[in-house]
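K.L.:
Sequences and hints are given; from them, build the entire structure.
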Amino acid sequence: MVDGKNQSLFKEKPIKILLAKPGIDGHDRGVFVLAKAFRDAGMEVLYAGLLPTPEEVVDTAVNEDVDVVALSLLNGAHMTVFKKVADLMRERNIDDIALVGGGTIPDEDKPALESMGITGNYGPGTPLAVIIDHVTSRATESRLRKLR
Amino acid sequence: MAEEQNYYHTKLEEIKGRFNEREDKSLKRWRDTTLEQWEKISNPVYGDYENSSGIKIKDLYTENDLPSDIQEISGFPGEYPFTRGVYPNMYRGKLWTMRMFSGFGSPEDTNERLKYLISHGETGLSIAFDMPTLYAYDCDNKKAVGEIGKCGVNVTTLKDMEVIFDGIDLSKVTTSMTINAPAHVLTAMYFAIAQKQGLDLNSVGGTVQADILKEYIAQKEWIYPPEAHLRIIRDMMTFCTDHARKWNYISISGYHIREAGASAVQELAFTLADGFYYVEMGKKAGLDVDKFAPRLSFFFNSSINFFEEIAKMRAARRIWATVLKEKFGAKNPRTMMLRFHTQTSGYSLTWQQPLNNIIRTTVEAMAAILGGTQSLHTNSYDEAMALPTEDAVKIALRTQQILAEETGIADTVDPLGGSYYMEWLTNKMEEEAMKYFDKIESMGGILEAVKSGYIQREIAATSYRRQKRLEDGKEVMVGVNRHVEDNEKPLNILRIGKEAEERQINRLKAVKSGRDEDSVRKALNDLRNAFLDENKNIMPYVIEAVKSYATIEEISNVGREIYGGWKEPVIV
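Chains as they are written, first to last, in the working numbering: chain A, 1 to 148; chain B, 149 to 720.
Hint data in this document are derived by calculation from the structure and do not stem from the laboratory.
One or more of the hints may lead you astray.
[Claimed, not checked] For lysine to any residue, the following SDA-like pairs were computed, each having C-alpha atoms within a straight-line distance of at most 25 Å:
{"no.": "1", "chain 1": "B", "residue 1": "290", "chain 2": "B", "residue 2": "656"}
{"no.": "2", "chain 1": "B", "residue 1": "188", "chain 2": "B", "residue 2": "159"}
{"no.": "3", "chain 1": "B", "residue 1": "616", "chain 2": "A", "residue 2": "132"}
{"no.": "4", "chain 1": "B", "residue 1": "646", "chain 2": "A", "residue 2": "108"}
{"no.": "5", "chain 1": "B", "residue 1": "622", "chain 2": "A", "residue 2": "131"}
{"no.": "6", "chain 1": "B", "residue 1": "473", "chain 2": "B", "residue 2": "487"}
{"no.": "7", "chain 1": "A", "residue 1": "110", "chain 2": "B", "residue 2": "628"}
{"no.": "8", "chain 1": "B", "residue 1": "291", "chain 2": "A", "residue 2": "51"}
{"no.": "9", "chain 1": "A", "residue 1": "16", "chain 2": "B", "residue 2": "718"}
{"no.": "10", "chain 1": "B", "residue 1": "473", "chain 2": "B", "residue 2": "153"}
{"no.": "11", "chain 1": "B", "residue 1": "637", "chain 2": "A", "residue 2": "114"}
{"no.": "12", "chain 1": "B", "residue 1": "715", "chain 2": "A", "residue 2": "27"}
{"no.": "13", "chain 1": "A", "residue 1": "13", "chain 2": "A", "residue 2": "27"}
{"no.": "14", "chain 1": "B", "residue 1": "176", "chain 2": "B", "residue 2": "203"}
{"no.": "15", "chain 1": "B", "residue 1": "616", "chain 2": "A", "residue 2": "137"}
{"no.": "16", "chain 1": "A", "residue 1": "36", "chain 2": "B", "residue 2": "615"}
{"no.": "17", "chain 1": "B", "residue 1": "660", "chain 2": "B", "residue 2": "709"}
{"no.": "18", "chain 1": "B", "residue 1": "583", "chain 2": "B", "residue 2": "445"}
{"no.": "19", "chain 1": "B", "residue 1": "695", "chain 2": "B", "residue 2": "667"}
{"no.": "20", "chain 1": "A", "residue 1": "83", "chain 2": "B", "residue 2": "645"}
{"no.": "21", "chain 1": "B", "residue 1": "159", "chain 2": "B", "residue 2": "211"}
{"no.": "22", "chain 1": "B", "residue 1": "290", "chain 2": "A", "residue 2": "137"}
{"no.": "23", "chain 1": "B", "residue 1": "344", "chain 2": "B", "residue 2": "314"}
{"no.": "24", "chain 1": "A", "residue 1": "36", "chain 2": "B", "residue 2": "616"}
{"no.": "25", "chain 1": "B", "residue 1": "368", "chain 2": "A", "residue 2": "39"}
{"no.": "26", "chain 1": "B", "residue 1": "637", "chain 2": "A", "residue 2": "115"}
{"no.": "27", "chain 1": "A", "residue 1": "36", "chain 2": "B", "residue 2": "714"}
{"no.": "28", "chain 1": "B", "residue 1": "291", "chain 2": "B", "residue 2": "709"}
{"no.": "29", "chain 1": "B", "residue 1": "475", "chain 2": "B", "residue 2": "220"}
{"no.": "30", "chain 1": "B", "residue 1": "204", "chain 2": "B", "residue 2": "626"}
{"no.": "31", "chain 1": "B", "residue 1": "637", "chain 2": "A", "residue 2": "131"}
{"no.": "32", "chain 1": "B", "residue 1": "670", "chain 2": "B", "residue 2": "712"}
{"no.": "33", "chain 1": "B", "residue 1": "291", "chain 2": "A", "residue 2": "27"}
{"no.": "34", "chain 1": "B", "residue 1": "475", "chain 2": "B", "residue 2": "378"}
P.N.:
Take a look at the structure:
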């Protein structure tokens, strides 16, 4: 799935992504579809399980040295909970792990999330290819930082 | 020694045997002449004509597709096996209940909404809770930050329930509470209020969802390992059978299983398999099946594939009646009746071109009515994004009223009964569900199949397959992968503020400083001892605990300390 000049970047070690639903939310249909799609696209996929705290998500991301953390929430609490994850990453000076988001996120919340470094923020009906492309480009940034 | 074949396996063979494989000469003639000639000039576009369950749909159904024992397995409405409906005159006798699910913000907000509904003649209340309540966390738990009142009302102590039902006479209403893992705590609170109003619990009517098996399968709201929750359900079952005869202590739900990605057949099979488990459990607890099983009711999804949904509901009634009678020895026809609530599908709604969702919901509501539902919730067109706004809810309710009062849809019982296609499809759904029962039985039962993650993996596989079919254009969602519009206009959506959170935390502080800590400690300790003795029923102790104003989390922590939590098996 990764093409062109980035191919060598992921040759030894494919993109490693952590899927997480921090906060109190059991809507996991989307996250499971994405897990399968990312795996089919050649990525190494981890899932943080149900109801992890933002701290647990960041700890797992660091311990597993992932390239991307993909956050999913469909309970309306993204502005509080996604922000907590982003704040923790910043407090710990982690700049080689990208944050992407998705779920039921109204358009008007997206600029604020982007300013926290959480990109994508895709809603229902987004083609998998669009999400995979976005994750790949964010993973490329992370991997280049890791190699620096 | 030959192993005894399980009931479902034998039944499966019987269902397969309903079709006589005789050749239909007149159909063959039609295919070879009229159809073939027409296809030569009409350039047909061949799709794969598959429903959500992967069942291939033929181009034409004829008398030959009717099961050979159609009279017997279809029967009359109000009679075994209830394929055509549970009541003899269906909607002529009683229209389905238009039960719109709501609940938001603080207990004060919900109390105001309930009183408004009651003043408009509504007697069937339905309450949604927020995520912290559903997972039994107090409003001041740090996990609850940002979630109070978001998806429903918050309840931390009995005080909150007293506010919700302030000024409402519980002998005059029935209340449906959509709650599962801590359903026993909310039931206890409701009972405590009823007792404070001087009512006999046997006169109190209502429903809690409390279907924990589908939580492990789909909605993922649990506190303890499955066995602990099942013991609590057993206690609710025996307590209510003896002391609260009008309380529906469980609503066996396929809705969430479907929303999590299951096909219609999977929804049908896994939901009924859960139901069979609860029946077995009641029997094991020494209850008479004809005494407790009539209180079991169901909750199904109605999604967008019109005929498939109707067939699913017809098949559900037939399977339940047959299995209750043949396998579980029910004698009372009421025990064999599958009564159900339906909600239209949330997943079928699109974020894109949201007004189209009104049409989708209408079609799904029609399927539910033609499928013979007892009550119906129609989704609002803005629900793909957030909780609905009041205007959107009103259209959803009007949709039901138009169907009920203008269209004539409810004029005759089971209008599709006898249709070649409908009867064939009903039978096919029954057969496919029976294959799952057979398989689940061979795995050691539904509990094992859930604990091993088998059921969850089946659902995840179906939803991924569906997503790929959408991406390949094999399935269509208008506005998503066909007839797409750029420049979508943003929609006004409902936002929940922070007031509920502050109000709840302040109230909890006041409750804690005003309660008698000794009686809280004693109640929790008595509850602990009841939990530790398998032969005791915990319900009276839960009622004492809520009356002492112990919080939902404190009460649940008693079980957490004994049983621990639950880690889900690997699904993907």
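K.L.:
Next step is simple, just say for each hint if it's right about the structure.
P.N.:
Hints and how they fare:
Using a Cα cut-off of 25 Å, the hinted pair residue 290 (chain B) and residue 656 (chain B) holds, with the two alpha carbons roughly 14 Å apart. Between residue 188 (chain B) and residue 159 (chain B), the direct Cα distance comes to roughly 43 Å. Violation of the 25 Å bound is thereby established for this hinted pair. A threshold of 25 Å between alpha carbons decides the hint, and for residue 616 (chain B) with residue 132 (chain A) the separation of about 14 Å falls inside it, so the pair holds. In summary, the hint linking residue 646 (chain B) to residue 108 (chain A) is supported, as the alpha carbons are separated by about 18 Å, within the 25 Å threshold.
Under the criterion of a C-alpha separation no larger than 25 Å, the hint pairing residue 622 (chain B) with residue 131 (chain A) is consistent with the structure, at around 20 Å. Between the alpha carbons of residue 473 (chain B) and residue 487 (chain B) the distance comes to roughly 16 Å, so the proposed pair stays at or under 25 Å and holds. Taking the CA atoms of residue 110 (chain A) and residue 628 (chain B), the gap is near 20 Å; set against the 25 Å cutoff, the hint holds. Only pairs whose Cα atoms come within 25 Å are accepted, and residue 291 (chain B) paired with residue 51 (chain A) is accepted, the gap being roughly 9 Å.
Between residue 16 (chain A) and residue 718 (chain B), the direct Cα distance comes to roughly 18 Å. Compliance with the 25 Å bound is thereby established for this hinted pair. Distance check on the hinted pair: residue 473 (chain B) and residue 153 (chain B) sit about 18 Å apart at the alpha-carbon level, within 25 Å; holds. In summary, the hint linking residue 637 (chain B) to residue 114 (chain A) is supported, as the alpha carbons are separated by about 21 Å, within the 25 Å threshold. Proximity of residue 715 (chain B) to residue 27 (chain A) is assessed by CA-CA distance (about 16 Å); at most 25 Å being required, the pair is judged to hold.
A C-alpha spacing of about 30 Å is found between residue 13 (chain A) and residue 27 (chain A), which places the hinted pair above 25 Å, so the restraint is violated. Proposed proximity of residue 176 (chain B) and residue 203 (chain B) is supported: the alpha carbons are some 22 Å apart, at most 25 Å. In summary, the hint linking residue 616 (chain B) to residue 137 (chain A) is supported, as the alpha carbons are separated by about 22 Å, within the 25 Å threshold. Taking the CA atoms of residue 36 (chain A) and residue 615 (chain B), the gap is about 11 Å. The hint holds against a cut of 25 Å.
This hinted pair checks out: residue 660 (chain B) and residue 709 (chain B) have alpha carbons roughly 22 Å apart, not beyond 25 Å. Of the supplied pair hints, the one linking residue 583 (chain B) and residue 445 (chain B) holds, its CA atoms being roughly 23 Å apart against a limit of 25 Å. The suggested pairing of residue 695 (chain B) with residue 667 (chain B) holds, with an alpha-carbon distance near 10 Å, which does not exceed 25 Å. The hinted pair formed by residue 83 (chain A) and residue 645 (chain B) meets the criterion: a straight-line CA distance of about 17 Å does not exceed 25 Å.
Among the hinted pairs, residue 159 (chain B) with residue 211 (chain B) is consistent with the structure: their alpha-carbon atoms are about 24 Å apart, no more than 25 Å. For a cut-off of 25 Å, the pair hint linking residue 290 (chain B) to residue 137 (chain A) is broken: about 34 Å separates their Cα positions. Between the alpha carbons of residue 344 (chain B) and residue 314 (chain B) the distance comes to roughly 12 Å, so the proposed pair stays at or under 25 Å and holds. Straight-line distance between C-alpha atoms of residue 36 (chain A) and residue 616 (chain B) comes to about 11 Å, which keeps the hinted pair within the 25 Å bound.
In summary, the hint linking residue 368 (chain B) to residue 39 (chain A) is supported, as the alpha carbons are separated by about 23 Å, within the 25 Å threshold. Between residue 637 (chain B) and residue 115 (chain A) the alpha-carbon distance is near 23 Å, which keeps this suggested pair within the 25 Å criterion. Distance restraint check for residue 36 (chain A) and residue 714 (chain B): the Cα-Cα separation of roughly 24 Å lies within the 25 Å cut-off, and the hinted pair is therefore satisfied. As the CA atoms of residue 291 (chain B) and residue 709 (chain B) are separated by approximately 19 Å, the hinted pair is consistent with the 25 Å bound.
A distance of roughly 19 Å separates the Cα atoms of residue 475 (chain B) and residue 220 (chain B); the hinted pair therefore holds under the 25 Å criterion. Between residue 204 (chain B) and residue 626 (chain B) the CA atoms are separated by roughly 22 Å; this keeps the pair inside 25 Å, and the hint holds. Distance hint between residue 637 (chain B) and residue 131 (chain A) is fulfilled; the C-alpha atoms sit about 22 Å from each other, no more than 25 Å. For the given pair, residue 670 (chain B) sits about 22 Å from residue 712 (chain B) by alpha-carbon distance, which is consistent with the 25 Å threshold.
Restraint check for residue 291 (chain B) and residue 27 (chain A): satisfied, since their Cα atoms lie roughly 17 Å apart, inside the 25 Å limit. Proposed proximity of residue 475 (chain B) and residue 378 (chain B) is supported: the alpha carbons are some 21 Å apart, at most 25 Å.
Violated hints, listed in ascending order, are 2, 13, 22; each of the other numbered hints is respected by the structure.
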